[in-house]
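*Asks:* Protein chains in written order, with the working numbering: chain U, 1 to 352; chain C, 1 to 352; chain B, 1 to 352; chain X, 1 to 352.
Please note that a few of the clues may not be correct.
Pairs involving identical chains hold if they fit within one copy or between any two copies, as the list cannot separate such chains.
Stated by the list, open to error - 20 angstroms max Cα-Cα, derived SDA-like pairs, lysine to any residue:
{"no.": "1", "residue 1": "Lys-91", "residue 2": "Ser-217"}
{"no.": "2", "residue 1": "Lys-91", "residue 2": "His-281"}
{"no.": "3", "residue 1": "Lys-206", "residue 2": "Ile-308"}
{"no.": "4", "residue 1": "Lys-91", "residue 2": "Asn-128"}
{"no.": "5", "residue 1": "Lys-206", "residue 2": "Ala-311"}
{"no.": "6", "residue 1": "Lys-91", "residue 2": "Pro-72"}
{"no.": "7", "residue 1": "Lys-206", "residue 2": "Gly-250"}
{"no.": "8", "residue 1": "Lys-206", "residue 2": "Tyr-119"}
{"no.": "9", "residue 1": "Lys-91", "residue 2": "Val-269"}
{"no.": "10", "residue 1": "Lys-91", "residue 2": "Gly-60"}
{"no.": "11", "residue 1": "Lys-206", "residue 2": "Asn-287"}
{"no.": "12", "residue 1": "Lys-91", "residue 2": "Asp-102"}
{"no.": "13", "residue 1": "Lys-91", "residue 2": "Leu-134"}
{"no.": "14", "residue 1": "Lys-206", "residue 2": "Asp-296"}
{"no.": "15", "residue 1": "Lys-206", "residue 2": "Ala-218"}
{"no.": "16", "residue 1": "Lys-206", "residue 2": "Ala-182"}
{"no.": "17", "residue 1": "Lys-91", "residue 2": "Gly-216"}
{"no.": "18", "residue 1": "Lys-206", "residue 2": "Ala-286"}
{"no.": "19", "residue 1": "Lys-206", "residue 2": "Trp-55"}
{"no.": "20", "residue 1": "Lys-206", "residue 2": "Leu-314"}
{"no.": "21", "residue 1": "Lys-91", "residue 2": "Gly-202"}
{"no.": "22", "residue 1": "Lys-206", "residue 2": "Arg-264"}
{"no.": "23", "residue 1": "Lys-206", "residue 2": "Ile-224"}
Since the hints were derived computationally from the structure, they do not count as laboratory data.
Residues per chain, in single letters:
4 protein chains.
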Amino acid sequence: MSEAAPPIDVAIAGATGVVGQRFIEGLQSHPYFRLVAVAASDRSAGQTYGEAVNWQLDSGLPPDVAGMTVLPVADLVGHEARVVFSALPSKVAGPAETDLADAGKAVLSNASSHRMDRYVPLLIPEVNPEHLSLALQQPGDGFIVANANCSSIGLTLAVAPLEQEFGIAEMHVFTGQALSGAGYPGVSALDIVDNVIPYIEGEEEKLRTEPAKMLGSAFRPADIEVRVTTTRVNVTDGHLIAAHIMLQEGADLDQIHRALEDFRGLSDVQNLPSAPERPVHVHYEANRPQPRLDRDAEGGMAVSVGRIRQAGKLGRRAVDLVALIHNTKRGAAGQSILNAELAFRRGLFYRP
Amino acid sequence: MSEAAPPIDVAIAGATGVVGQRFIEGLQSHPYFRLVAVAASDRSAGQTYGEAVNWQLDSGLPPDVAGMTVLPVADLVGHEARVVFSALPSKVAGPAETDLADAGKAVLSNASSHRMDRYVPLLIPEVNPEHLSLALQQPGDGFIVANANCSSIGLTLAVAPLEQEFGIAEMHVFTGQALSGAGYPGVSALDIVDNVIPYIEGEEEKLRTEPAKMLGSAFRPADIEVRVTTTRVNVTDGHLIAAHIMLQEGADLDQIHRALEDFRGLSDVQNLPSAPERPVHVHYEANRPQPRLDRDAEGGMAVSVGRIRQAGKLGRRAVDLVALIHNTKRGAAGQSILNAELAFRRGLFYRP
Amino acid sequence: MSEAAPPIDVAIAGATGVVGQRFIEGLQSHPYFRLVAVAASDRSAGQTYGEAVNWQLDSGLPPDVAGMTVLPVADLVGHEARVVFSALPSKVAGPAETDLADAGKAVLSNASSHRMDRYVPLLIPEVNPEHLSLALQQPGDGFIVANANCSSIGLTLAVAPLEQEFGIAEMHVFTGQALSGAGYPGVSALDIVDNVIPYIEGEEEKLRTEPAKMLGSAFRPADIEVRVTTTRVNVTDGHLIAAHIMLQEGADLDQIHRALEDFRGLSDVQNLPSAPERPVHVHYEANRPQPRLDRDAEGGMAVSVGRIRQAGKLGRRAVDLVALIHNTKRGAAGQSILNAELAFRRGLFYRP
Amino acid sequence: MSEAAPPIDVAIAGATGVVGQRFIEGLQSHPYFRLVAVAASDRSAGQTYGEAVNWQLDSGLPPDVAGMTVLPVADLVGHEARVVFSALPSKVAGPAETDLADAGKAVLSNASSHRMDRYVPLLIPEVNPEHLSLALQQPGDGFIVANANCSSIGLTLAVAPLEQEFGIAEMHVFTGQALSGAGYPGVSALDIVDNVIPYIEGEEEKLRTEPAKMLGSAFRPADIEVRVTTTRVNVTDGHLIAAHIMLQEGADLDQIHRALEDFRGLSDVQNLPSAPERPVHVHYEANRPQPRLDRDAEGGMAVSVGRIRQAGKLGRRAVDLVALIHNTKRGAAGQSILNAELAFRRGLFYRP
C-alpha cells in the first residue's frame, strides 16, 4: 500500500469532550484520513458540532467541523466511514465499540473497556508494533485497537528502552496528573486551588496492568512488579510521572542515558505522520521535565525524561527518573491517531 | 521542675522569614516561654519588627512584637535570653548556632546545619524523646536541639508506629511540597502556575538520612533503605508525602490501622502545650488527606495519613500510604517549640 | 424580649451546598437559635446529612448535624421550626419560600427570588435596620427577610458611610469574584487555571439594583447611577470590588477616612452575636485589601476597604476605593444569621 | 526604500528578562532585522546568553542566540548595530537610552522613562502613525521611539475606533493584569495563590496619561477624563481591561460593533510583517475575551474585545466593554518590533 492511497473516511465517537476535541485537532489536514462524521451522546445529537461543543483548545475550532451535524453514536454502525476514533466514556464504550467492530469498522479506541481483551492490541508503535497483528485475529472485517491510559503510555515510553536493554524487575510509580485527564467539567476549581487530591479512581489499577501488557509479548505480559500512587495536581495538561526502577541487569548512568537517547522505533514507524523524531527527550538540567515547558515537545507526541539518577545501596540496578507526557495528545488522541497511521501503512484498513 | 516555674525568656533568630513568623505565632501567650528578643539579618537589624517584616499569616502580627527592635543575630550571644529558636537560613546557621551554644544558650534549631551532628538530637517528642538526653553531652551549659526537615518530620511521624510494631525494611517516598517550604519570596509565580517543578535542592538527601536517625537509637540510625523523589506543587502550605513501605514483618490492614490509630507518645509528651491529642490522624475516605483540608489538623501539629493499602504480590509486608504535614507548623516552628517544651519539662533549661 | 428568652428552633433549606454549610458553621452553639432540621433537594432527602454532603470547610462537620436525616424542602412547611434559613437555588427558592412564609415561617433568605419584592426587606442591620419593619406588613405570621447578593452586600457596607455623610450620585463598579460564589461544583478548574472569566450571569443586574434598595428608604431606592462589570477570578473565597464613586457633596480624604472608620450602626445592632465590632475595616497600605489576607476579618463579618484615593479633575467629589467581602460569610450565610438576630431581638419571632 | 533593502543590524538591551526573551522570539528570521548583539546588566555580561538567561518561553531558545556573548549595555554605544530594542528596567533606561540616541542609534524602547518626552513618539502604527515623524525632530541621527505600557496599548487599541468615530469624553478603567507584567522572578507565588493584589506600583498613572497622548495629535493629548484601578491576578500572560466609556456623541450598538470590526490602520501599516490582519477582534459570546483563550490571537498581536454593552440612563453615549491584550507580545516586545517595522518602511533607519 503506497502513500498515494486515497485518504480513508473516518468518524469520531465522543467528539465533544476534551479528547474528542484533540482528535479533531489532530485530524486536520491529515494525509491519510478525512473526517466525515462526528458523533456524541444523545444530548448533543442533532445539533451542529459548533453548537454542541464547549471548545477549549488554543487552536480554534475548524469551521468545516463546526458546521457538521452531530450524529448519535449508534448511527455510526451503518455509516460509510471505515475507521472510528473512539473517545467514548468508559461506561458506554464497551458495547458501543463492540457493535462498531461487529459492523466492520476499525475502531481506534481511547477508552479503557477493551484494553485488556486478549485479542485487542494495546499499541504504541515505537514500543510494540508487532502487537498490531493481533487485531487480525478478531472475527470479521472490523476490529478494535486500543491505546492505554495516558499515564501508562507515558511510563511505558519512558521505560521501554530500559526494559529492552536491561530488563525491568520492579517499579514504584508516583504521578501528579493534570486536570484534563478528568474530562470537562471534571475537577471543580474549589477542589484543586491550593490543593492536591491524592486519589484518582481506577488509575492505579491501570498502571499496574497496562504497561506490563505493552512491554510483554502478544499474550504474555512482562513480569514486572509495580506499585503505584496517583494524584491530581493543579495543572491543565501534562502528567508528571516519577518512577523508581529496579533493573534486572545493572547499568551505568551513561548506558542508561544512551539507551534513552537512542530509542527510536522501527523505520516504518518513524516515518508515520504523527510520529515524533525522538519519542523520548532526555533532559539533563535538574529541574526538568516540567508540565508547562515540556508537554508540547514535538507537538505533544514526545515524552520528556529527566532527573535520571542512581541511588541507594542497590547500586547499578536502581534507577530513578521523572517522565512527562501530554495526556490528551500522546496520552490519548495523538496516540490513537498514530496507531491508526501504523494500521493504515500496514494495510489493515484495506478490505478485500 | 513544676508547671509553676516562671516562664523562660526566649529569642528568635531569623525572625522575619516564613518560619520566623510561625515562631512568633506559636509563642504568643505561651505558658512556658516569654519572647523577649527578635533577631535577623543585618539588613533588617535596627528597624522595628513591624517595619522589617512582610507579615503573611492570617493571624495578625501581634502589636507588642511589631514594636520590638530587630537585633543583629550576633547580639543574641550576649543577650539574657536563655533559649534561642533558630529559623536561620542554612548557610549562616552553622557557625551562628555554634556561637550561641558556646555562649550558653539552648538553641532549638530548624536549620539543617547541625542535624546530623553526633550529639545533636534530631527530636520528635512522640517518636524519640530519649534522644533529648544527647544534648547534655554537648560541652558547657549551652546546647543545640534540632528538628528535622519538614518532609522528614511528616514521614517519620506517619511511619513511626509501623517501625515500632513491625519494623521497616525499605521505603519509596514521593513528595508534592508546598511553596512556603521555599521561604519568601521563594518560588516565582511564573514558575509554578499550571506547573509542577520536579526538583527541590538538597531535599532528597535529607529524606534519605533524617528519618533513619530519628527512628534509630541514639548513635545508630535505623537500617532502612530509602529512595526518594521530591517535587514542588502549587500549594501554599502542606506537604503531601506518598510512601511505599516494605515492612520487616507482615501485618494485616487492621493491624496497621490500629498501630496508626493508637500511636500517642509518652504521657509527659502528651501533656505538652503544643502536643496534639493524636499525633497521627487516620483517614478512611479514598481522597484524603488533602493539603487544604487537613494541614491545620490540631492546629497544624497532627499529621494526617490516608490511602492505606496493601498491594502487589508481596502481600502483608507491602504497605502504601499518603501522609500530609503542615510544613511550617509541625514541619518547622511548631516542632521546635514542642521540642523546647519537652526540654523545659525535663529540666534542661535549668542552670545550676 | 430579653436575652434570656429560650432559643428558637430553626431549620436550613438548601443545607448541603456551599452556603448551606456556612449556615451550619454559623449556627453552631448559637445563643439564640437551635438547629433542629436540615432540608435539601429530593436527591439528598432521606440520607443522613453526613452522607449527603460533600463538606468543604476547614472547620469540620459537626457530628450532631452529620447524623441528622435530610428532609425534603417541602417537609419544612409543616415542621415545628419557627425560622427557616434558605440557601435554596434561585430557580426553586421563589415558590418554596412563599409556601414557607404562608405556613407561618419566618424565612431568612439568601436567594435572589424575593429580593426586590416590595414588602421584603433587603437587610443589612448596620445600614438599614428600619427596613426590617416591612416584614410585618407581609400577611400572616410568616414573612420573608432577604439578604442581598454577596457583592451587593460588600459594596453597600463599604459605601454606606459615604452615602450617609456626603451622598452618592454615581458609581462605577468592577469585581473580581471568588469561585465559591458559583456554588459547588461550580466553576471547572479547566476554565479558571491561568485565566479570568469576564462574565457572571445575572450578577451585574443585581449590583445595579440591590445597593440602591438598601441605601434608600423603605419604598424608595436611592438615586444612584451604577455601571458594573463583574468577573470571576481564581480565588476560593472573597470578592474584590473596586468602586469609582462620585459624591453629591465634596469631601476631603480625611473626612472620608473618618466616615468609614467611625461607621458602626445602632447600638442594638452592635451587640448582636454575629455583628463585627467594626463593620468596615480601613486599610492604609497600598496593597490591601487582599482576599486571602482579609476575607476572614472579624470572622468574615467585616468588610475591608483600602486604596482610598481622590483623583481626576473632578476633585473632592471623586473617590476611588477597593473593598473586600467574604462572599459566603458576610456575603451570604453570615448576613442571613445577623438579620435573624436582629429580628429575634426586635421580637419578630414572637407569636402572640 | 524597497522591501528588498538589506536587513538592518539590531541589538537588544535588557535581553535576559521576560520582555527581552520576547524580543528574541519576535526577531527570529525577521525579514527586515538581523539580531547581532544582546546586552544586559553587568551581572550577566561576559557570559553566553544561554548561561545568563532563565529561558521561559514555550518556543525554545534559538541555538545561535544561546551562543552569543552578553555585552554590557554601555558597549552598545559604540556598536555597529543601527537599531537597539530596549527592554531595560525603567530605573536604568533613562540615561542609557539617551546615550544610545546621542551615539546615533535608533532606540525602540519598551521602558517608561522617555514616554512622555515631547519629541518621543508613543507609537501604535494602527492608531497614530503620524506621530512617528516626531522622531525626526530629535537632534542628530539617533532617536528614541517608545511604546506605551502594556495596559495602555491594550486600552488604546480597543477604544481608538470609538475615539475616531464618536469621540471619548470619559473612561473608567479596571484591570486584572498578568504576572509576566511584573518581570521575573516578579511576583512570589505565595502572594498570588488564591488571591488578587489590588495594586500595581505606577500603573494607574500610566493609564491616565499614555492613552491620551496616543489618541491625541502630536503635541496635544486627547481630552479624556480617565479614572483607573489596576490589580494583579493569577494569570501568566494576558491583561484583562474593563472600560466604562462615555462617548462625546451617541452611537447604537451596531455602529459601535461596526467601528471596532472595521478598524484596520493605513495600508502601509497593514502590510508590516508583525501587523495583525485585524488589530481588534470582536467577540459576541458573553464570556469572552479570556486571557488563556484569547491572548495569542494573531500571534499575540491582536487585541480582543467583548462584552460590548450599553447601560444606564445615559443611553447611547455610555458604552461598556472588556479588552484583552497579550502583555509581553502586543503589549511590549511585539509592539516595539512593529514600531521598528514602520520606521524601517518609512526610511527612518536610512542614514544619508
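*Asks:* Give a verdict on every hint.
*Replies:* Comparing the hints with the structure gives:
no.	hint	in the structure
1	Lys-91 x Ser-217	neither (28 angstroms within a copy, 54 angstroms between copies)
2	Lys-91 x His-281	neither (35 angstroms within a copy, 35 angstroms between copies)
3	Lys-206 x Ile-308	between (24 angstroms within a copy, 19 angstroms between copies)
4	Lys-91 x Asn-128	neither (27 angstroms within a copy, 51 angstroms between copies)
5	Lys-206 x Ala-311	between (27 angstroms within a copy, 13 angstroms between copies)
6	Lys-91 x Pro-72	within (16 angstroms within a copy, 31 angstroms between copies)
7	Lys-206 x Gly-250	neither (28 angstroms within a copy, 26 angstroms between copies)
8	Lys-206 x Tyr-119	within (18 angstroms within a copy, 48 angstroms between copies)
9	Lys-91 x Val-269	neither (32 angstroms within a copy, 52 angstroms between copies)
10	Lys-91 x Gly-60	neither (29 angstroms within a copy, 34 angstroms between copies)
11	Lys-206 x Asn-287	between (28 angstroms within a copy, 18 angstroms between copies)
12	Lys-91 x Asp-102	within (19 angstroms within a copy, 46 angstroms between copies)
13	Lys-91 x Leu-134	neither (24 angstroms within a copy, 55 angstroms between copies)
14	Lys-206 x Asp-296	neither (24 angstroms within a copy, 33 angstroms between copies)
15	Lys-206 x Ala-218	within (18 angstroms within a copy, 44 angstroms between copies)
16	Lys-206 x Ala-182	within (15 angstroms within a copy, 34 angstroms between copies)
17	Lys-91 x Gly-216	neither (27 angstroms within a copy, 50 angstroms between copies)
18	Lys-206 x Ala-286	between (29 angstroms within a copy, 17 angstroms between copies)
19	Lys-206 x Trp-55	neither (28 angstroms within a copy, 29 angstroms between copies)
20	Lys-206 x Leu-314	between (28 angstroms within a copy, 19 angstroms between copies)
21	Lys-91 x Gly-202	within (13 angstroms within a copy, 36 angstroms between copies)
22	Lys-206 x Arg-264	neither (25 angstroms within a copy, 37 angstroms between copies)
23	Lys-206 x Ile-224	within (14 angstroms within a copy, 29 angstroms between copies)
Hints 1, 2, 4, 7, 9, 10, 13, 14, 17, 19, 22 from the earlier list are contradicted by this structure; the remaining hints agree with it.
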